[in-house]
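Chains as they are written, first to last, in the working numbering: chain X, 50 to 527; chain Y, 35 to 399.
There's no promise every hint is true.
[Said to hold, decoys possible] Coverage of chain Y stretches by chain X, computed from C-beta distances (three or more under 8 Å per stretch; other residues unrestricted):
(1) 65-71
(2) 74-86
(3) 218-229
To be clear, the hints were calculated from the coordinates, so they are not data collected in a lab. No experiment lies behind these values; they were computed from the predicted model shown. We treat Cβ as the ideally placed atom computed from N, Cα and C, and that holds for glycine.
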Amino acid sequence: MPLPVASIQATFDRLGCDALFNTSCFLFLFLPIALAGYWAVPNRRWKLAWITAMSFIFYAFWDARFVALLAASAVVDYSVARRIAAAATDVARKRWLIGSIAFNLGVLGFFKYAVFAMENAQSLFDLLGMGVKLPYYNIILPVGISFYTFQTMSYTIDVYRRVVDPTRDFVKYLAYVSLFPQLVAGPIVRYATLSKQLDDLPRRPAAKILALGLTLFVLGLSKKVLIADVIAYRIEPMWADLAGLTTVTAWMALMGYGLQLYFDFSGYSDMAIGLGALLGLRFPINFNAPYQALNPADFWRRWHISLSTFLRDYLYIPLGGNRGAASRVLINLVIVMGLGGLWHGANWTFIVWGLYQGGLLVLYQVTRATWDGWPAWIQRGITLALIYFSWTIFRASSLGDTAELLSHLWSWDFTGLGMQLPFIGILVAVFAFTLMAPATAILKIQFTLPRAVGLAILFLACVVMMNTIQSPFLYYQF
Amino acid sequence: MTEKSSAGLGDTASRDKLDEVHVPDDDRAGPFMMQFAAVAIVIALGVAGFYATVDPHDKFPSDIYRPLIVDWTESKLNLLDRQDEMPATVILGSSRAMALEPKYIAQTGLGPAPAFSLAIPSSTSKDHKLLYDFFVARDAAPDVMVVTLDMDVRAEVPSVAQGSAAYARLTGRTPDIIDRVSQVGKAFSVGGIVDTGRVLYFNHVAAYPAERMVLLEDGATDFPFIAERRAAGTFNLESAIDAHLAAQVRPYYATEEPSMVALGYIEDLAHAASANGTRLHVIVPPVHPLLAERLAVEVAWLAQHEEAVVDRLKGTCSSSVTIYDFRELETFGGDPEDFFDGWNYMEKNGRLLVDAMIEGTGSIC
Numbered sequence: 050m051p052l053p054v055a056s057i058q059a060t061f062d063r064l065g066c067d068a069l070f071n072t073s074c075f076l077f078l079f080l081p082i083a084l085a086g087y088w089a090v091p092n093r094r095w096k097l098a099w100i101t102a103m104s105f106i107f108y109a110f111w112d113a114r115f116v117a118l119l120a121a122s123a124v125v126d127y128s129v130a131r132r133i134a135a136a137a138t139d140v141a142r143k144r145w146l147i148g149s150i151a152f153n154l155g156v157l158g159f160f161k162y163a164v165f166a167m168e169n170a171q172s173l174f175d176l177l178g179m180g181v182k183l184p185y186y187n188i189i190l191p192v193g194i195s196f197y198t199f200q201t202m203s204y205t206i207d208v209y210r211r212v213v214d215p216t217r218d219f220v221k222y223l224a225y226v227s228l229f230p231q232l233v234a235g236p237i238v239r240y241a242t243l244s245k246q247l248d249d250l251p252r253r254p255a256a257k258i259l260a261l262g263l264t265l266f267v268l269g270l271s272k273k274v275l276i277a278d279v280i281a282y283r284i285e286p287m288w289a290d291l292a293g294l295t296t297v298t299a300w301m302a303l304m305g306y307g308l309q310l311y312f313d314f315s316g317y318s319d320m321a322i323g324l325g326a327l328l329g330l331r332f333p334i335n336f337n338a339p340y341q342a343l344n345p346a347d348f349w350r351r352w353h354i355s356l357s358t359f360l361r362d363y364l365y366i367p368l369g370g371n372r373g374a375a376s377r378v379l380i381n382l383v384i385v386m387g388l389g390g391l392w393h394g395a396n397w398t399f400i401v402w403g404l405y406q407g408g409l410l411v412l413y414q415v416t417r418a419t420w421d422g423w424p425a426w427i428q429r430g431i432t433l434a435l436i437y438f439s440w441t442i443f444r445a446s447s448l449g450d451t452a453e454l455l456s457h458l459w460s461w462d463f464t465g466l467g468m469q470l471p472f473i474g475i476l477v478a479v480f481a482f483t484l485m486a487p488a489t490a491i492l493k494i495q496f497t498l499p500r501a502v503g504l505a506i507l508f509l510a511c512v513v514m515m516n517t518i519q520s521p522f523l524y525y526q527f
Numbered sequence: 035m036t037e038k039s040s041a042g043l044g045d046t047a048s049r050d051k052l053d054e055v056h057v058p059d060d061d062r063a064g065p066f067m068m069q070f071a072a073v074a075i076v077i078a079l080g081v082a083g084f085y086a087t088v089d090p091h092d093k094f095p096s097d098i099y100r101p102l103i104v105d106w107t108e109s110k111l112n113l114l115d116r117q118d119e120m121p122a123t124v125i126l127g128s129s130r131a132m133a134l135e136p137k138y139i140a141q142t143g144l145g146p147a148p149a150f151s152l153a154i155p156s157s158t159s160k161d162h163k164l165l166y167d168f169f170v171a172r173d174a175a176p177d178v179m180v181v182t183l184d185m186d187v188r189a190e191v192p193s194v195a196q197g198s199a200a201y202a203r204l205t206g207r208t209p210d211i212i213d214r215v216s217q218v219g220k221a222f223s224v225g226g227i228v229d230t231g232r233v234l235y236f237n238h239v240a241a242y243p244a245e246r247m248v249l250l251e252d253g254a255t256d257f258p259f260i261a262e263r264r265a266a267g268t269f270n271l272e273s274a275i276d277a278h279l280a281a282q283v284r285p286y287y288a289t290e291e292p293s294m295v296a297l298g299y300i301e302d303l304a305h306a307a308s309a310n311g312t313r314l315h316v317i318v319p320p321v322h323p324l325l326a327e328r329l330a331v332e333v334a335w336l337a338q339h340e341e342a343v344v345d346r347l348k349g350t351c352s353s354s355v356t357i358y359d360f361r362e363l364e365t366f367g368g369d370p371e372d373f374f375d376g377w378n379y380m381e382k383n384g385r386l387l388v389d390a391m392i393e394g395t396g397s398i399c
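Build the full structure now, drawing on both the sequences and the hints.
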């Protein structure tokens, strides 16, 4: 008898459940049940089984049909990794590895890039007047596929490289792939980081870790709900009508998006780390005050760290890394960042954005001696300008839109400046905050009464705002 | 994986100390979490309690404060629950049926007593059918029902009942946990908190805005603010009609073709009424001549549209269903001064409409 997927989905929808942390369903239904069950069950095996089941339920909140794809992806890499370890020759090991990578990239390519590829092929055929009509398919992009595919791939590659041993514990592996805190938008956690933690799950929660998790989760939720969503609410209409921008609103759209993206994604990462801690797990940090970077290379050591280190270890170094001629290193950087851009989405804007980021890294490498000699504030200012400019490419739906926005930045039309001043003040304050505040995840947290009161007020403020404005995470779509 | 530097793609050496979150060495973690939970619960209970007590949207039967926004469907059903017996005559419709007085209908014999008005502002044909089904499901189909034709024949108008807290009660569904949680959830929205504050402000600092209707025990509506403004010499009907046209009327003239969905509900209602022994009177309600004149200029297809609606409704005529076309005041001797805007007539015209129905004037059957 087939599973009643539609009725399960309808129930989730009626409960207002989605694979998001900023929903009442997650905060007041899913999370309490997940945590209570996790800490109530007596042993490690049950904890793993429980958290895996809850993670699959969490994923089903988005679309129950795609749970099977997540499971299939896990099963393939679990099996392939064991085959690699058992293979008698290096050639056989490599064949299994290639098979796994082909499967993972094939799945990712089909769901994420097939429509894009066909649309571009169609445009090319039209341009050449070939009279070919390709069929159009409406393919749903499974949430989090870019993240969990990279995780499963990293496991298989690490087994191939003998960095980690393949696990025989399938439930543990499923838990690693599906852990709900980081399932849909990272951070991309390596198996090596979690393996030992999943073997040694604490039986009872440590108060310190729980309090840390709670603090990080609420701070992350606040970054998302109280800052990113509020900024988004004001700037989304500006991005939706680029032709109608004035100089004032164009700058607000540009600055606002840079801040929205940072608070949205770093907020999600803080929540993921906090949720991990509530399960007794420690995830690597994903952001480290990136807008305080001194140069483009420093920026990528601070922004989406789990992606940049993934690209470094699984793409840049295999391409040759820093070895070889200087020109080869620079080309590698551009290739890696171009592909990193493409990872974000099937659109030319992401490819151009990635190539631009590669170009910035090249620029820095070439001018490093001079650049590093400048005063820190000049280095930071130039880096910020270059990065904020890149968000115009990243956010726009086409390069034409980027050009449209840029043309308004210097149109000297200050209509409505007075009305926008309060929000401009908020943007300036938030911008200044990003230039000075340390990363949330490395804050020296103290467990005092005033901080407990402040955290409770922040949490309730988030609940109030969640019931008023709500939006998915920006990286949810990648 | 062992390279010291990788040109910006994550410098292994410099990142080691940042790989994991700093865990504070602080023994107060347990009390910290208790304090967090206690503060959050106290504030949450405070906000929820305050909201439920003040009840700005009239969701909880407390009557401590006058509500800010009335859920008319729920308020009228609450009122119906308080009646000694189920009504023998029921009035259904939008604000354009609110000046039909149940007592007058019973007194003149158009329908037997007790009569009750379930007219609800912005109510649609779908709502009328839903409300009638509510009576039928309780084996209390009224003997007589008076229904006005509403705006949903000209535009997509959402069902009022469906958005009401009373929807579960109306449809016979037991209110489940989701309904209750969603009500409490409103307390934790910016709007819920602001409205709570507004109710307290109106009750303790300043008076409520004057433009309000007052609900009477039999579901009828009183319009004291018009009388007050007329007495003060501040009411100008022409301005009210212009403001009404600009703010509310235009969106309702959106569909050149009559809405078959809306008319379908009226037809279903007519069939259901016949099947359950209810005598049904359907009114195409009056429009103020000034508004009619302005609409005729703005909406070129209006006359054709209205004729199509009336033609279609003729098909529902039967021994138990009568349709009245009261669009023009002349058909029932209406008073152009007894309106508070272009669509909404008041008590005097309501009584004249009832008189005309008793005489059979305006019937198109």
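Outcome of the hint check:
1. 65-71: holds (count 6)
2. 74-86: holds (count 4)
3. 218-229: Since 8 is at least three, the answer is holds.
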